[in-house]
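Enquirer: Sequence:
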Amino acid sequence: MTNSILKHIQKATTNNKKLLAILLDPDKTSLEEIPSISEKIGLLKANFIFVGGSYVKNGITAVFVKTLKTYTKIPIVLFPGDYSQVTNSANALLFLSLLSGRNPEYLIEQQIKSVPFLKNSTLEIIPTGYILIDGGTNSSVLKVSKTTAISQNNINLAVATAVAGMYKGKQLIYLEAGSGAKNPVNSKIISGVKENISIPLIVGGGIRTNQQLKNAYKNGADIVVIGTAFEENIDIYNT
Numbered sequence: 001m002t003n004s005i006l007k008h009i010q011k012a013t014t015n016n017k018k019l020l021a022i023l024l025d026p027d028k029t030s031l032e033e034i035p036s037i038s039e040k041i042g043l044l045k046a047n048f049i050f051v052g053g054s055y056v057k058n059g060i061t062a063v064f065v066k067t068l069k070t071y072t073k074i075p076i077v078l079f080p081g082d083y084s085q086v087t088n089s090a091n092a093l094l095f096l097s098l099l100s101g102r103n104p105e106y107l108i109e110q111q112i113k114s115v116p117f118l119k120n121s122t123l124e125i126i127p128t129g130y131i132l133i134d135g136g137t138n139s140s141v142l143k144v145s146k147t148t149a150i151s152q153n154n155i156n157l158a159v160a161t162a163v164a165g166m167y168k169g170k171q172l173i174y175l176e177a178g179s180g181a182k183n184p185v186n187s188k189i190i191s192g193v194k195e196n197i198s199i200p201l202i203v204g205g206g207i208r209t210n211q212q213l214k215n216a217y218k219n220g221a222d223i224v225v226i227g228t229a230f231e232e233n234i235d236i237y238n239t
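Under this note's numbering, the sequence shown has 163 at position 163, and the numbering climbs by one with no breaks.
Mixed in with the good hints there might be a few duds.
What the hints assert, rightly or not - In silico EDC-like pairs for lysine to aspartate or glutamate, Cα to Cα no more than 20 Å straight-line:
1) K146 <-> E109
2) K18 <-> E195
3) K57 <-> E109
4) K66 <-> E109
5) K143 <-> D27
6) K66 <-> D82
7) K168 <-> E195
8) K119 <-> E195
9) K57 <-> E39
10) K69 <-> E39
11) K11 <-> E124
12) K73 <-> E105
13) K11 <-> E195
14) K146 <-> E195
15) K143 <-> E195
16) K146 <-> E105
17) K143 <-> E109
18) K17 <-> E195
19) K28 <-> E39
20) K113 <-> E124
21) K73 <-> E33
22) K66 <-> D27
23) K143 <-> D82
24) K69 <-> E32
25) K57 <-> D82
26) K28 <-> E109
27) K73 <-> E124
As the list claims (entries may be wrong) - Beta-carbon label-pair distances, calculated as ranges:
28) N88 <-> N210: 34 to 40 Å
29) L157 <-> Q111: 21 to 27 Å
30) K57 <-> V115: 17 to 23 Å
31) N15 <-> S187: 20 to 26 Å
Since the hints were made in silico from the structure, they are not lab data. Every residue gets a Cβ at the ideal spot worked out from N, C-alpha and C, and that includes glycine.
Construct the complete structure from the given sequences, taking the supplied hints into account.
Expert: Next comes the structure, spelled out in structure tokens:
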């Protein structure tokens, strides 16, 4: 892998090589579980470990990432719920803007709050357009951000939002159905977005079966993120 996480993703996308990320929430995963979870992730041959959550207490992420790094060499990418979850211990940061919502706190305010730390950080900062799609539950990110997800049926809005994100200079687009979603992102939304952007596409939330995983890849996801399903079914990628 190149030193740059983004360049690695871009190269894989160009070569149509699909990538897998496992999402770990420090609020839901104890430090004691890290050794066994790291072993399972290694068996899956995941490309990245995303770390983040909506309710993680200040300081916990840094300890979690440092512990995780003692058990795995897989690149760790921060997927923060707020600016307090940023730590130099990781390899990269998804610098998220919640494009599907209209709450300025998650469009720009949280990003501004992170600047004093990031100015002196060694993290690779990757501008990412974050788009919430209705997964059939009132997910924690919706509660925290006080925003509304885009309907699974509103393909045009999802596509336009993704394209607007690309035009604004985002390097990645992340379609998210939310933690514990009943339904993954609609395949028509995935394919519609993929057909209209020229940057890599991440898809996560509600993917619990191998068929759903394959469907996301088939319709254009360059990276699929598995969270809850990984905890419930370690064989999801291989069955």
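Enquirer: Which hint numbers does the structure go against, in order from smallest to largest?
Expert: Failing hints, ascending: 4, 8, 9, 12, 14, 15, 26.
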